[in-house]
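Visitor: With chain X fixed as given, assemble chain S with the ligands onto it according to the hints.
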Amino acid sequence: MTEYIIRRVLQALLVLIVMTMLVFFGVNVIGNPVYIFASSECDQACLDAIITDLGLDQPIWRQYLTFVGNLVQGDMGRSFTHGVPALHLIFERLPATLELAFSALVLALAFGLPMGIYAGLRPYGWGAKLIMSFSMIAFSLPVFWIGIIMILTFSVQLGWMPSVGRGDTVDLGFVEVSFLTLDGLHHLAMPAFTLSLIMMAMVIRLARAGMREVMFTDYIKFARASGVPERRVLGAHALKNILIPIVTVLGMEFGGVIAFAVVVESIFSWPGVGKMLIDAIAVLDRPLIVAYLICVVFMFVTLNLLVDVLYSLLDPRIRLGGGKA
Amino acid sequence: MTPVLELRDLQTSFEMPEGTVHALRELSLSVSRGEILGLVGESGSGKSLTGFSINRLISPPGRVTKGEVRLHGRDILPLPDSEMRKLRGRKIAMIFQDPMMTLNPVLRIETQIRDVLLAHEKLSKSEVRARALAALDEVGIPAPEERLRVYPHQLSGGMRQRVAIAIALLHKPDLVIADEPTTALDVTIQGQILALVQRLCRDRGTALIWISHDLAVVAGLADRIAVMYAGRIVEEGPIDDILDAPAHPYTRGLIDSVPVPGQRGGRLRQIPGRMPALTDLPTGCAFAPRCARATENCAEVPQLMPFGEDRKVRCVHPLAAGEAA
Ligand SMILES: Nc1ncnc2c1ncn2[C@@H]1O[C@H](COP(=O)(O)OP(=O)(O)OP(=O)(O)O)[C@@H](O)[C@H]1O
Ligand code: SF4
Ligand SMILES: [Mg+2]
Chain X
1 MTEYIIRRVL QALLVLIVMT MLVFFGVNVI GNPVYIFASS ECDQACLDAI
51 ITDLGLDQPI WRQYLTFVGN LVQGDMGRSF THGVPALHLI FERLPATLEL
101 AFSALVLALA FGLPMGIYAG LRPYGWGAKL IMSFSMIAFS LPVFWIGIIM
151 ILTFSVQLGW MPSVGRGDTV DLGFVEVSFL TLDGLHHLAM PAFTLSLIMM
201 AMVIRLARAG MREVMFTDYI KFARASGVPE RRVLGAHALK NILIPIVTVL
251 GMEFGGVIAF AVVVESIFSW PGVGKMLIDA IAVLDRPLIV AYLICVVFMF
301 VTLNLLVDVL YSLLDPRIRL GGGKA
Chain S
1 MTPVLELRDL QTSFEMPEGT VHALRELSLS VSRGEILGLV GESGSGKSLT
51 GFSINRLISP PGRVTKGEVR LHGRDILPLP DSEMRKLRGR KIAMIFQDPM
101 MTLNPVLRIE TQIRDVLLAH EKLSKSEVRA RALAALDEVG IPAPEERLRV
151 YPHQLSGGMR QRVAIAIALL HKPDLVIADE PTTALDVTIQ GQILALVQRL
201 CRDRGTALIW ISHDLAVVAG LADRIAVMYA GRIVEEGPID DILDAPAHPY
251 TRGLIDSVPV PGQRGGRLRQ IPGRMPALTD LPTGCAFAPR CARATENCAE
301 VPQLMPFGED RKVRCVHPLA AGEAA
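Here the protein sequences line up with chains X and S, keeping their order.
Here full-length UniProt numbering is used: the first residue of the first sequence is 1, the next is one more, and so on.
Here full-length UniProt numbering is used: the first residue of the second sequence is 1, the next is one more, and so on.
Bound conformation, chain X alone (with noise of 0.2 Å):
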């Protein structure tokens, strides 16, 4: 087990390497940054010194190796808008992205396990063809559509719900959430049910999927004719073993959610890093788009390396990997 860890770590820095170039030569041969600071007014020579100001006349592997030497040191630069350490600004905006990320997941989970799993359960009825239905009208519809969607609906039309903002919010001492008041909740409802959408619907699926192969399993003929209550057997026996598929799958996509909040964040003025990332493009803040994105490439490494070891807490036959088969 901790041989496979180390292993997947090992591979897990390349992936880190790699991207940080991809990232660094990607987002710098891009527009000129110079603009940003001259005014005006300015003539060559202070164009010339803004430019070796910001390190910019080096040639672009100089470059490279100095922005990787900072970033070993945890230094990503200065935002060229706002001044301050482009990851003191995502650390502060991290919180209302994962708050939303975090909700969107357990709405999808609350709401789409039940569901997927009575869908599998009557697979003809008429409750699982609307459940059906429902998923996959969530998975293809756009989510910047339902999101203007539901704000005309829910905040224009019927007045019900707020529309921008996190609304009230407590602070924990290191991070404030919203969904801890009820003003905080108000606001968050909306943009966490639009960004759950296609993860609900994909939990849905799997956990149809999942449930129609294992009610023929002989191990649940077996808990059933052994005279284990039907909760018991859906809701243990069954229901672990089609999570494995759904941990794997919901874990490799929620670095996807993640990403996907910038649209989210966007259209309801959440102000996560999503909203902050569509602000830096708009004024080519190099800086604070390399920060991003490398902290959204570090938050898929975990991630995946995170759902590699919950699933083998899950299968007990990978836990023992390389063991009796």
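Pair ranges (Cβ atoms, derived):
1) S/E121 x X/M299: 42 to 52 Å
2) S/K122 x X/F174: 39 to 49 Å
3) S/T20 x X/S155: 51 to 61 Å
4) S/E146 x X/H186: 45 to 55 Å
5) S/M16 x X/K129: 16 to 26 Å
6) X/I149 x S/E146: 51 to 61 Å
7) X/H186 x S/M16: 48 to 58 Å
8) S/D9 x X/S140: 50 to 60 Å
9) S/E18 x X/V18: 57 to 67 Å
10) S/P60 x X/S140: 23 to 33 Å
11) S/P60 x X/A110: 24 to 34 Å
Keep in mind the hints are simulated off the structure, nothing from the lab.
Glycine is no exception: its CB is placed at the ideal position from the N, C-alpha and C atoms.
Guide: Frame of chain X; chain S with the ligands shown alone:
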């Protein structure tokens, strides 16, 4: 004395788009306390379905459409599901063919035993543990404390089947239905499991229905046998009488196709043709297309008639003792 289980004129049907298919018909049999009934027949003859009809776990669209299932003289078919659940595992237990598949791969042995214990009894943690240990010990599992903590894949096939047997016997059921529990095992392990089940059932006076397509296995184990063909019982009676002098041409064919140890060279006689599908059974005796004795009298389904003392056969031209088919 009333038999432990008595099936009277049971009919199990599947509601299919192309019409209703009767998979079991006019099925009557009984088992008494301490008796072992072998249920034999080729693949698809309805053996497993008989087991599932008894404990009412047929997967939809199948259901029992006629007849009675009497447990200690009381018809349990009209019982509501909640009452039926209380009989499963406590009065009627079941063991399945593939020990790889009978135990839940993601639950510890202890959890699986506990769930079955708690399905019918209120027990404290320590009581559960004591009962579990005793049960494993009884089926000859060494170091039961350690086995409780493992997952099924950490046990050999034989050990797994022992665990399944231990679970099936937890509540000292009055009837055990064993659906080919040794088919997937090595011959030596097969022998051990056979001896184990035989001993446990005899000691406790448990009635046992042993389902097998292998006449040789049943021959050394059962007191009586019932031979099934295309959903009907075609011959039933004490095992020695039937093996010595089968009355139904199909039984004769089954016996002749079993290799006899130490008698090489004698060509095995196979029954020509194959069992017809349930959807296009001949109007008369279902065995007629393969039967050498068939006449125009066989164009009507024969009744299961008494034959000699204590035997029954469903054939208009039963074989006399020693007669070839
Ligand atoms: N879900 C189902 N839908 C339709 N028909 C079914 C279904 N399950 C069983 N049957 C029918 O019932 C018949 C009996 O099946 P059963 O499993 O009892 O056979 P078996 O004697 O146990 O055979 P085997 O030795 O292969 O286990 C089969 O021919 C099959 O066509
Ligand atoms: S009833 Fe006729 S066809 Fe059927 S087994 Fe007997 S002799 Fe053969
Ligand atoms: Mg079978």
